[in-house]
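Colleague: Please build the complete structure, drawing on both the sequences and the hints.
Listed below, chain by chain, are the residues.
2 protein chains.
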Amino acid sequence: MIKPDFEKTGGLVPVIAQDYKTGDVLMLAYMNEEAWKKTLETGKVHYYSRSRNKIWLKGESSGHVQLVKEIFLDCDLDTVLIKVDQLGGAACHKGYRSCFYRRLDGNELKIVGEKIFDPEVVYGKKA
Amino acid sequence: MIKPDFEKTGGLVPVIAQDYKTGDVLMLAYMNEEAWKKTLETGKVHYYSRSRNKIWLKGESSGHVQLVKEIFLDCDLDTVLIKVDQLGGAACHKGYRSCFYRRLDGNELKIVGEKIFDPEVVYGKKA
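Just so you know, the protein sequences line up as chains P and A, in that order. With the first letter of the first sequence counted as 1, position 124 gets the number 123 in numbering that gives the first Met the number 0; the numbers rise by one all the way through. With the first letter of the second sequence counted as 1, position 57 gets the number 56 in numbering that gives the first Met the number 0; the numbers rise by one all the way through.
No lab work stands behind these hints: they were computed from the structure. Among these hints, one or two may not hold up.
When chains are identical, the list treats them as one kind, so a pair holds in a single copy or across two.
Unchecked claim - Think about it this way: if two alpha-carbon atoms lie no more than 20 Å apart in a straight line, the pair counts; the simulated SDA-like pairs of lysine to any residue are:
1. K37 <-> C74
2. K109 <-> L76
3. K53 <-> L11
4. K68 <-> V111
5. K43 <-> G62
6. K20 <-> G42
7. K7 <-> G58
Modeller: In structure tokens form, the structure reads like this:
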């Protein structure tokens with residue numbers, strides 16, 4: 000099976016999720032080999048949560064699942080790029096379309112991203 | 000100074016370089032705080048090479064410098080997205096426009112990226 004070089008990276012590789020229609024970079028998270036396999040098997044992006052130490056189906060709480068459209072590996076086989084159909088239109092747990100919703104503007108971070116949902120409504124608590 | 004949370008990440012953060020015109024994801028590499036500062040000071044993307052253990056001006060050998068257009072930080076302040084003007088049109092040391100030049104196609108990796116230069120000519124040896 001084609002896979003990233005998990006041995007080289009110590010078990011986890013960074014994964015960039017990109018909107019397959021707009022080209023927006025939505026988020027970066029990590030996969031271990033099991034998350035990679037589950038992603039291929041199901042067509043839904045699974046990550047490995049480093050804080051919770053477990054496999055995580057993106058959207059399992061919010062419903063904002065990422066459907067796999069295309070998968071790319073980089074030249075060193077240690078980074079993955081996945082073009083996804085982002086259900087619900089938002090990847091970020093803060094309710095924004097992209098996790099990269101703040102732009103550096105001089106010495107400030109300016110919110111430039113589009114807010115799609117209220118995290119308190121979706122998750123039932125402050126995110 | 001606004002900066003990624005280098006303490007949380009143990010000193011290095013992943014950085015996604017995206018073509019500011021086409022939206023193509025070009026590469027992923029890492030920055031430490033010094034690389035972050037040099038990038039802001041010079042307007043040219045600097046990374047930290049984990050294999051060479053040193054700061055690296057992207058394009059220092061090839062001339063394929065990345066000029067900073069916009070910088071974004073993610074919701075957790077542990078990943079950077081930089082929109083760049085990729086001089087020379089190629090980010091990958093293999094000569095491709097993007098490091099993500101291979102797409103998973105069944106159980107194969109299919110080259111779908113555009114080759115811009117011959118690494119042997121640019122670097123004077125096999126890359």
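Colleague: Hint by hint, say whether it matches the structure.
Modeller: Each hint, compared with the structure:
1. Taking CA atoms no more than 20 Å apart as the test, K37 paired with C74 passes in neither setting, with 23 Å inside one copy and 26 Å between copies.
2. Taking the shortest alpha-carbon separations for K109 and L76, only the inter-copy value of 13 Å comes in at or below 20 Å, while the best intra-copy value is 34 Å.
3. For the identical chains of this complex, K53 and L11 are intra-copy neighbours only, at 12 Å inside a copy versus 23 Å across copies, given an alpha-carbon limit of 20 Å.
4. Within a single copy, K68 and V111 get their C-alpha atoms only as close as 26 Å, which misses the 20 Å cut-off; across copies the closest is 15 Å, which meets it.
5. Taking identical chains as interchangeable, the C-alpha atoms of K43 and G62 lie at most 20 Å apart only when both belong to the same chain, with a minimum of 12 Å there against 39 Å between chains.
6. With identical chains, the CA atoms of K20 and G42 are at most 20 Å apart within one copy only, with a shortest distance of 17 Å there and 29 Å across copies.
7. When the C-alpha separation of K7 and G58 is checked against a cutoff of 20 Å, the pair qualifies neither within a copy, at 29 Å, nor between copies, at 25 Å.
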